[in-house]
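Asker: Dock chain D against chain Z, hints included.
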Amino acid sequence: MKFNFSNTKIKHKKQYSLCSMLLGFLLAFSLPSAYATEVISHPDNSEQLKELGNLRAIFGMRTLYWPNGEKIRLIVLPDDHPLHKQFVKEKLHIFPHQLRRTWNRLIYTGTGQAPITVNSMAEMQELINQTKNSIGYIDNGGQYE
Amino acid sequence: MNNFSRVILSTLCYLFFFISCSIFAEETEFNTQNTADTNKEFNWSDYKKPWMDDFQVHGFLSQGLFSSSGNNVYGKSKDSVSAGSTELGLNLSYQALNNLSFAVQGLYRRAGEITGSEGEVSLDFAFIDYTFFRHNKGRLGVRGGRVKNPWGLYNETRDVASTHPTIFLPLAYFERSRSLFLSMDGAQFYTDYNTSVGDFSFKFNLGVTNPSDKELLLAVTRNPFSTGSLASDLSFLANLNYDINNGEYIFAISYANLGLKYNNAMPTDPNQNLDIKIDSLMLSAQYNGEKFSLTGEYSLQWNQFNNLYDPAEQKITDSHPVSEHWYIQTGYRVLDNLQFTLRYDSSTQDISDRDGTAFAIRYNHALPNYLGFTKDIVFGARWDITPAWMVRAEYHRVHGTSTLSALDNPDIFNLVEDWNIYALQVAYQF
Chain Z
1 MKFNFSNTKI
11 KHKKQYSLCS
21 MLLGFLLAFS
31 LPSAYATEVI
41 SHPDNSEQLK
51 ELGNLRAIFG
61 MRTLYWPNGE
71 KIRLIVLPDD
81 HPLHKQFVKE
91 KLHIFPHQLR
101 RTWNRLIYTG
111 TGQAPITVNS
121 MAEMQELINQ
131 TKNSIGYIDN
141 GGQYE
Chain D
1 MNNFSRVILS
11 TLCYLFFFIS
21 CSIFAEETEF
31 NTQNTADTNK
41 EFNWSDYKKP
51 WMDDFQVHGF
61 LSQGLFSSSG
71 NNVYGKSKDS
81 VSAGSTELGL
91 NLSYQALNNL
101 SFAVQGLYRR
111 AGEITGSEGE
121 VSLDFAFIDY
131 TFFRHNKGRL
141 GVRGGRVKNP
151 WGLYNETRDV
161 ASTHPTIFLP
171 LAYFERSRSL
181 FLSMDGAQFY
191 TDYNTSVGDF
201 SFKFNLGVTN
211 PSDKELLLAV
221 TRNPFSTGSL
231 ASDLSFLANL
241 NYDINNGEYI
251 FAISYANLGL
261 KYNNAMPTDP
271 NQNLDIKIDS
281 LMLSAQYNGE
291 KFSLTGEYSL
301 QWNQFNNLYD
311 PAEQKITDSH
321 PVSEHWYIQT
331 GYRVLDNLQF
341 TLRYDSSTQD
351 ISDRDGTAFA
361 IRYNHALPNY
371 LGFTKDIVFG
381 ARWDITPAWM
391 VRAEYHRVHG
401 TSTLSALDNP
411 DIFNLVEDWN
421 IYALQVAYQF
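Chains as they are written, first to last, in our numbering: chain Z, 1 to 145; chain D, 1 to 430.
Simulated from the structure, these hints should not be mistaken for lab results.
C-beta atoms are modelled at their ideal positions from N, C-alpha and C, and glycine is treated no differently.
Treat the hints with care, as some may be off.
[Claimed, not checked] Covered stretches of chain D (in silico footprint by chain Z; criterion: 3 or more residues with CB under 8 Å from a CB of chain Z, positions within the stretch not fixed):
#, region
1, 83-97
2, 158-164
3, 244-257
Same shape as in the complex, but just chain Z:
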């Protein structure tokens, strides 16, 4: 985006304050949703998590192994859980029914395994901490505590 600032100082100041106000509004409105969901992993895998790259390939079961060769243990919430829906839309930029289609195909043709499903965020956090090589997601905004 390009801004056309005029030459006079007063106008300059006015525009600055307008810009910062807009920016403030944007931040205020976008923060809770943009930063609400976050990918987490077992503490031992936190360094590798940064190298993993494409999240959609992990949740779509195309990337199955950590860079060190260990199998990724995927942990998710049920398809109809609001946090799951939000995570899939915000972080993977797809929809829960697309993931379900992929998982069902793997499960019911025997060509792959399903992610482990937990019922709450508390369970998610507990299982992630207990399970080596696991990946899941949590809510940072505290909406689904």
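Answerer: Positioned in the frame of chain Z, the structure of chain D alone reads:
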């Protein structure tokens, strides 16, 4: 009984494999961990846990209710209600090593007269999966045993209700040809390639199918007194799938080359030298948006029936009809768990005789021309009550009778050309 004992025997064999391999895997797990952590105290739960994580059990169950006018579907549904469709599946999968896994699925199925009211048990798939080569952009491997056929968008999971939008699959997957396309005993070579513009996956199945199905034999010979059974020659089926944005757009091409022979026929059977070759091509495209979805599939099938006894002409002939199936289907999600589907579906037995007139003339109009085609308009609603439970209902307005089960409709002279189906289904999956 023979078939059943074979199923049991193979299930046992695979169970044996499961157990021996899991023991092997546990041993290797134990050894590697042991050398790494020699200073640590022994803790059994450390070793038990990884084994359990690599072992999964899943299943599905569905029950349908049908009512129809004019003709029967799944039992005696005409002017009545039939509960003739039940499917129950249970599978086990075990990831023994990073590049070696095992999977087996058993299926119990009732589908009208063909299975009888007591139903049938079958081994749906059972294979060993070995990945030769793997990196973050793809993999290459082989599965050996009984593998599902990746035919079109829905065949691989055709018995799992929740994986397709309507109770009745599109006509291209009609029940009569089920045993032709269901699965293959042999090998599946597979490769995946993931790129920034989408993911490619290719599967190639080589082996024999299990076409010993009365319905298929009756459809080919039109002779209820056939003495033999159909058996498969070496066949293959290939599928190339291109998938953008995790299934937002899917494009696929499937090709099958299937061979059948007629076995164990009495010397008096006019079809004793029958030989069948089927070449089939299917093009598939699908869009899956947040609310809206659009699906279309088109298939052409070149059939070669050699040394087939033609009851109309009362002589042995070769016939080469080309059949065509296509449909277009739209879906709309009013809510995340409530979806409506509308489909127009068409099936033609012989594209050189689309309205079946030539067929009816050959039989001196004893058989109706509308055995040559089926057109179906479907309107359905599906409610996913929870991720596990689903109910759906649909209405079909059907024109033609080519895809009807001859076992459910034994009175072939009194079929009705325009008819309705009302269907309801409840399904569970885990």
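Asker: Does each hint fit the structure? Answer for all of them.
Answerer: Hint-by-hint comparison with the structure:
Residues of the region 83-97 of chain D with a Cβ under 8 Å from some Cβ of chain Z number 4, which satisfies the need for three, so the listed coverage holds. Coverage of the region 158-164 of chain D by chain Z holds in this model, with 3 residues showing a Cβ closer than 8 Å to a Cβ of that chain against a need of three. Counting residues of the region 244-257 of chain D whose beta carbon lies closer than 8 Å to any beta carbon of chain Z gives 4, which reaches the threshold of three, so the coverage claim holds.
Hint compliance for this structure: every hint is met.
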